[in-house]
Amino acid sequence: MEAGTDEFPFEKTALEIEGKLSAMLRRRELPLASDFTGASPLPLRYRTIAPGVSEAEFGAEGAFQIGLARWIQSLGNIRRAGFFILPENVVRYEIASDGAYRVGFWKQVWAAGKLREFHPLSETLVTAQEPLFQDITGHSFRDVASYSQQLLKGNVWWRSRLDSASGIDIYGNNGIAVGDIDNDGWDEIFICQPGGLPNRLYKRREDGTFADITEHAGVGVLDDTTCALFVDFRNSGHQDLVVLRGSGPLLFVNKGDGTFTYMPDAFHFRTAPQGSFTGMAAADYDRDGGVDLYLCCYVYFQSEDQYRYPAPYHDAQNGPPNFLFRNRLSETSGYFEDVTAETGMNHNNNRYSFAPAWCDFDGDGWPDLYVANDFGKSNLYRNRGGKFRDEAVESGVQNIGPGMSAAWFDYDGDGRPDLYVSNMWTAAGQRIVHDAAFVPGRDLKDAYHGHTKGNSLYRNLGDGRFKETSAREAVAMGRWAWCADAFDFDNDGAPEIFITAGMLTNASDQDLNSFFWRQVVAKSPVTQTATPDYENGWNAINQLIRQDYSWCGREPNVFYKRVTPAAGGQARYYDFSGVSGLDFADDSRAFAVTDIDGDGNLDIVLKSRLAPQVRILQNRCGGKRHSIALRLRGVKSNRDAIGARVEVNGRVQYLSAGSGYLAQHSKQMHFGLGDADVAAVTITWPSGVKQNFAGLREGFRYEIAEGSDQVRSTPFRARTNSASAPVEALNEPAFAATWLLDPVPLPDTRKGPGFVLLTTGDPPALPPSLPFETVDVAHASPDLAAQYSIFRRYLFELRTDLELPLLMLIDDRSRAHKIYAEVPATEVLHADLKTMRAGRGAELALPFPGQYYTPPSRNYFKLGSAFYWAGYPDQAIPYLEEVARGTPDNWKALYALGQIHYEAERWKPALENYQRVLAIRPNHSGSLLGAGEVYAKLNDLPAAEKLLRQAVEADPKAADAANQLGLVFTKQNRATEAKHWFEQAISMRRDHTGAINNLAVLYAELGQRNDAIAAFRYGIEVAPDDAELYLNLGRLYVQMGDREKARALMQQLLAKKPGNAVALRALRELESR
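Here our numbering = 1-based position in the sequence shown + 109.
Hints listed in this document are in silico derivations from the structure and should not be mistaken for laboratory results.
Computed from a prediction, not measured in an experiment: that's the story for all the values here.
Check each hint, because a few of them may be wrong.
Pairs of lysine to aspartate or glutamate residues, derived as EDC-like cross-links and limited to a Cα-Cα distance of at most 20 Å, are as follows [said to hold, decoys possible]: (1) 1088 with 1054; (2) 733 with 618; (3) 576 with 523; (4) 216 with 293; (5) 733 with 708; (6) 799 with 397.
The calculated label-pair distances, taken between Cβ atoms and stated as ranges, are [unchecked claim]: (7) 652 with 356: 44 to 52 Å; (8) 922 with 961: 52 to 60 Å; (9) 154 with 821: 28 to 36 Å; (10) 1028 with 254: 34 to 42 Å; (11) 877 with 832: 50 to 58 Å; (12) 356 with 947: 42 to 50 Å; (13) 1012 with 946: 38 to 46 Å; (14) 182 with 961: 55 to 63 Å; (15) 674 with 225: 19 to 27 Å.
Note that beta-carbon positions come from the ideal geometry of N, C-alpha and C, so glycine has one too.
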């Protein structure tokens, strides 16, 4: 895992250099080589580009150490800093200090841990008198119990508290939506949550604070929820709610009184979903007046029985299909109809999809769809009269990379919607992909460059094609980017870009980013084939992150502001992250934009994986300019006017529902006017109706109905700056007593009901009035501690080693109901025992009320496979049997049971489990092989032959089955057929030592000793570490009377395996004679 221990030795050097550069800010110097050459990093001057933006000018000469110290001194109070080692000896640095943010590049050469060459390349300095946004979260959620008790605790904290059966996971991919559910002019905020924690719905009070209305509204969904959308699907005048869970969508119908009713069976799937649902976006694709819905699917790692490895990494086309649903709802009934296939949306529908975004990019009146896909190409589904075809490649927006977010906005003011797709910008990835040792990239340099270069901005050329302008606009760097979207926050008419960033921040500072690129990506096959090293890399990283390792953690969010040079020229984006007030390193996932205080400036509600899970960020950069807001109501079009094109003073926006990643922004459209006092507005409704409105004064919100000339105006509220009110969050693990949602079998048998205490040494004082069994782990078998460590590790999604004492409440079937981090008071234990006996423990397993719409279930396969791979197959059996009981069609669990019983020579249960697999998957080669081997052990050779032949037919590369067929024929003295199948096995796998041994032994038994020797010699050549080949050949030499060759062979084996007891004994016997 450590850098420098594999084929990428420079990785260790790169990480060491990053450490030295970070320490430089404190030490104010760098270690210099004796032959160092270089210029001073201190700029001679800064050249002003525009107000708040300047670029450094450097001199060719200068005393480096003095200049370095002065440059560091000039930085002032450093708030955060980062150094990134890039290919070709380039270093990117970011320095955020009070009111200033520097982004620059140096050219450096290091040798033996010392700096040998240094040349400053560029530095951009942006400044702001105050942060562009102010954190007012504490003010907004003061006295809101659910906020302080739930949302001020992050993913790590909750994973240490909730039973893993609750559905909580490590990723924290839970989004946010805003919408006005009661038509009072203010958006409510819907917060999506992981499994076991209820989603939350908050309503704005008159004083600007929020109230929790979740339970009143009836939307406290406990299922793992990725995102949500507020849309008037029934054109009723009320916003309905779709909640997208990992397991599928739920529809809640707005009753018009601030409450929702769940509509069961609202989504009619034509084909069963194959993955977890991720993003969602809505549009009226067929222009019938009803808003339709597109859902994305992905495959996350949950356990080895569920994972589908994305292969090849650069272009995986083995992902689960996405779905397009047509709206068939009426006021009181109806459903969503799966029209994926009939509309053409099944074209290239085989990716790992994160985010959809609708927009009529070609101006033909029909909304088109972009889908951001991970592990390869994204899709651009062009809509021609309600029929779709993927034209991403033809249009130049295939975006080969890890697409995670998609958003449409007109960044250059030409009236055409441009496209921004978030990906990954990673220094480690760039280094490794450029390394000569990176095998997958030798013929795929462009593809792998796309996986590391960062975000993609595509300019709409107006003819169906796009041109990538990410480099020219300097907006590629977005770190591990998630939600990326653009809005005119400062009211100057041009949209700013905000990007949430960071994958997984856990307790450890050790980050797996380099490991990921070295041991996962670099091991990828170039085609869709199974590759053990690649799959093992994925398995390893998915285990490590569930402990306390980080993975692209502690990455701050990114904010780009578009600036026009004061001297004239073309505008472009500059990185204002360090002065934005938005650069939190909270593993932020999504954000929603809405005018939280009604002052005409767009504010941000930020959703993060870490706590605080939600922040309210008030706009402080838009107050010096003018703006208007528009609320549209469709009449012929869908009532929300989703898909409308609105032009204000030459600037164009499209009204959308679902944009970026896991996000829905306000449907109240906002336009910055700069210094203009009035606005000219042109609306092209989804129906095609076009309306013009002139002379709309700034400072108002306007409500406009389709086809009506009447405009209703409401003035913005006075601009007020709420006090800065950050909040204190909890992000450290905090294990405590936890009831389990269902009882879990212990890895051994204990007497219950009562308590089992695992401890070392003298146990704590225990109440004699309660049934206790104390186990001193120090005096027990080491296996017992190992088994309970596995047991404890998999009860929670935060997996830690066994910490003693460990107290468990168990029933009379040796199943744990509650886990304690410490021994509680006697009265608590009495009450808990009473609760368990009453069967009420599961009611106390979750901290807040809510409703599961799919009952939670424990993944016993995780426990079973963990015990199996740790070398405790018998302990795995009860957990795998739980899987088989709960999901009888889980063939992987049945196959594992068959393998365990086979290895233990329990032929009957082994055969039963293999047969159950074959009832589900008749061509499962492994079970055909296993059942055939069992029949061979039972000497039912005809049955064995039949099944083993089927195994080879099912898998033409099934070398083990071919070898077993050879053995079956050997038992029947059918030497010709046996020889054929041994040879077949070797042709399937040239180093199959079992088949080579068997063939050589067969030759020897047939008296063909030269052929036998040749076979053994071939085996030793292709499998030089297989001792059996040496030993059998040695025995043959002894039989032939050639003891010298036998002795030499044993010495050859002992040179490779000095401790081989059989070889040592054979050599002693040979030498004694």
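Now the hints, each set against the structure:
Restraint check: the Cα-Cα separation between residue 1088 and residue 1054 comes to about 15 Å, which is no more than 20 Å; the hinted pair holds. For the hint pairing residue 733 with residue 618, the CA-to-CA distance comes to about 42 Å; that exceeds 20 Å, so the pair is violated. Among the hinted pairs, residue 576 with residue 523 is consistent with the structure: their alpha-carbon atoms are about 14 Å apart, no more than 20 Å. Between the alpha carbons of residue 216 and residue 293 the distance comes to roughly 57 Å, so the proposed pair goes past 20 Å and is violated.
Pair hint residue 733 plus residue 708 holds up; C-alpha atoms about 12 Å apart against a cutoff of 20 Å. A C-alpha spacing of about 17 Å is found between residue 799 and residue 397, which places the hinted pair at or below 20 Å, so the restraint holds. Taken as a hint, the range 44 to 52 Å is violated for the pair residue 652 and residue 356, whose Cβ atoms sit roughly 24 Å apart. The given range of 52 to 60 Å is broken by residue 922 and residue 961, whose C-beta atoms sit roughly 25 Å from each other.
Distance hint check: the CB atoms of residue 154 and residue 821 are about 54 Å apart, inconsistent with the given range 28 to 36 Å. Range check, residue 1028 to residue 254: Cβ separation about 52 Å, and the 34 to 42 Å hint is violated. For residue 877 and residue 832, the hinted distance range of 50 to 58 Å is satisfied, since their beta carbons lie about 57 Å from each other. Range check, residue 356 to residue 947: about 31 Å between beta-carbon atoms, so the 42 to 50 Å window is missed.
Between residue 1012 and residue 946 the beta carbon distance is about 39 Å. The supplied range of 38 to 46 Å therefore holds. The hinted window of 55 to 63 Å between residue 182 and residue 961 holds, with their beta carbons roughly 58 Å apart. Against the hinted window of 19 to 27 Å, the Cβ-Cβ separation of residue 674 and residue 225 comes to about 37 Å, which falls outside the hint.
This entry does not satisfy hints 2, 4, 7, 8, 9, 10, 12, 15, going by the numbered hints stated previously.
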